[in-house]
Amino acid sequence: MIKSIEGNFDHPEVNQLLKKHFIELRAASPEGSAHVLDIPGLKIPSIKFWSLWEENKLMGCGALKFLDKNHGEFKSIRIHENFKGKGNGIKIVNHLINEAKKLNIKRLSIETGSSNFFAPARKLFDNCGFKPCKPFAHYEEDINSLYLTKLLDNN
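Numbering-wise, the sequence shown is residues 1 to 155 according to the working numbering.
Please note that the accuracy of each hint is not assured.
[Stated by the list, open to error] Label-pair distances were calculated between CB atoms; the ranges are: (1) G85 with A28: 29 to 37 Å; (2) E140 with E55: 36 to 44 Å; (3) K57 with I143: 31 to 39 Å; (4) K86 with N15: 18 to 26 Å.
Bear in mind the hints are in silico, worked out from the structure with no lab data behind them. Just so it is clear, the structure is predicted and the values come from calculations on it, not from any experiment. Yeah, the Cβ is synthetic: ideal placement off N, Cα and C, and Gly gets one too.
Start from the sequences and build out the full structure, keeping to the hints where you can.
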């Protein structure tokens, strides 16, 4: 059974996973094209963050940023190394989608990289029904970024 915990950035395993996430994404994206948030950036009031645990082992994490009252953006979705390649990414995305629905979000969007490094993320979001879109919120056209969106059925 999967357990989610909201806002536990200071747990050592969560903190380590996020730091690894920041380092890898910044290294994989050219300067000016890395949009990953650090821990202080994830702690702002317009963002909700969850870690997901299976049998007391950290599976991964993800965040939901409110762009407005009906539009949310996924941030910092990361799978722990021990859970990669086993279909767990969809569990985290589905958890975030369900949380967004509880918060009456009608549209979810995400910015991800366009390089090969980000191919698994693009495949995951495609499998979850996200479609390419124009840049949203503060983003601008960037050959290193891909923008995706999905309308939610809140019934």
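Quiz prompt | Range agreement (Cβ of N15 with Cβ of K86, hint 18 to 26 Å) | solution = For N15 against K86, whose Cβ atoms are near 23 Å apart, the range 18 to 26 Å holds.
Quiz prompt | E140 paired with E55, Cβ distance criterion 36 to 44 Å | solution = The hinted range 36 to 44 Å holds for E140 and E55, with Cβ atoms some 43 Å apart.
Quiz item: Holds or violated: 31 to 39 Å for the Cβ distance of K57 and I143?
Solution: holds (38 Å)
Practice problem: State, for the Cβ atoms of G85 and A28, whether the hinted interval 29 to 37 Å holds or is violated. | Solution: violated (18 Å)
The earlier numbered hint that this structure contradicts is number 1, and it is the only one.
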